[in-house]
Amino acid sequence: DTEVTQTPKHLVMGMTNKKSLKCEQHMGHRAMYWYKQKAKKPPELMFVYSYEKLSINESVPSRFSPECPNSSLLNLHLHALQPEDSALYLCASSQVYRGKQYFGPGTRLTVT
Amino acid sequence: AQSVTQLDSHVSVSEGTPVLLRCNYSSSYSPSLFWYVQHPNKGLQLLLKYTSAATLVKGINGFEAEFKKSETSFHLTKPSAHMSDAAEYFCVVSDLGSARQLTFGSGTQLTVLP
Chain Z
18 DTEVTQTPKH LVMGMTNKKS LKCEQHMGHR AMYWYKQKAK KPPELMFVYS
68 YEKLSINESV PSRFSPECPN SSLLNLHLHA LQPEDSALYL CASSQVYRGK
118 QYFGPGTRLT VT
Chain A
27 AQSVTQLDSH VSVSEGTPVL LRCNYSSSYS PSLFWYVQHP NKGLQLLLKY
77 TSAATLVKGI NGFEAEFKKS ETSFHLTKPS AHMSDAAEYF CVVSDLGSAR
127 QLTFGSGTQL TVLP
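Quick note, the sequences are listed as chains Z and A, same order.
71 is the number that the working numbering gives to position 54 of the first sequence; each next residue is one higher, with no gaps.
91 is the number that the working numbering gives to position 65 of the second sequence; each next residue is one higher, with no gaps.
Same shape as in the complex, but just chain Z (with noise of 0.2 Å):
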């Protein structure tokens, strides 16, 4: 099984809701990745875990929680987002920190 799985494909949330976006891998890879893509740009790296731990966290604002339950499973909590964080978010996952990554197809996400 070298595949990634997102949930849900599609996600439109007004800005005061809370949604939670789950990234799902059983290739045993130990460390996983959220992106952010805006439409004609290439993705743009938000987080890493890597053993379950928070390594990277690229400036992102707290409206954006990333959680790492086990080494199978990535949630991205969202709360209180605004129109412009519409985007796709990717997960990713690799067999080790640099390893080469699988990527999921993305969840879509419109905020109104």
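Hints may be right or wrong, so weigh each one.
The calculated EDC-like cross-link candidates involving lysine to aspartate or glutamate, where the alpha carbons are at most 16 Å apart (straight line), are [unchecked claim]:
1. Z:Lys58 to A:Glu41
2. Z:Lys55 to A:Asp34
3. Z:Lys53 to Z:Glu20
4. Z:Lys39 to Z:Glu84
5. Z:Lys57 to A:Asp34
Rather than coming from a laboratory, the hints here were simulated on the basis of the structure.
Fit chain A to the given chain Z structure using the hints.
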């Protein structure tokens, strides 16, 4: 510091003709280089990876790339374009000197004309 420049934001080819997507990189260390493809509303798929073993790297779907250290280039090629190759392509660099994992180029949109 590492950086990547994709020299063309858009490339248009006819089906059955060769594809060339150009990428130059800058790296303080011996880099790992990747090409990823992204179809509309999809995630990124790894096409191929260079990690200092062989300078000519073969990837999936008939793509290959050649690492040229003297030119700091890692251009992606395919002998014959197929309609399904139409997508966004990202050149990516990673080196040991960077904690940021991957540095993405700005992307090249490939259009394949019938």
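So, going through the hints one by one against the coordinates:
Annotation: proposed proximity of Lys58 (chain Z) to Glu41 (chain A) is violated, straight-line Cα distance about 26 Å (limit 16 Å). For the suggested pair Lys55 (chain Z) and Asp34 (chain A), the alpha carbons sit about 19 Å apart, so the restraint of at most 16 Å is broken. Of the pairs offered as hints, the one joining Lys53 (chain Z) and Glu20 (chain Z) is violated, with about 19 Å between alpha carbons and a cut-off of 16 Å exceeded. At roughly 10 Å between alpha-carbon atoms, Lys39 (chain Z) and Glu84 (chain Z) fall within 16 Å of each other, so this suggested pair holds.
Proposed proximity of Lys57 (chain Z) and Asp34 (chain A) is supported: the alpha carbons are some 14 Å apart, at most 16 Å.
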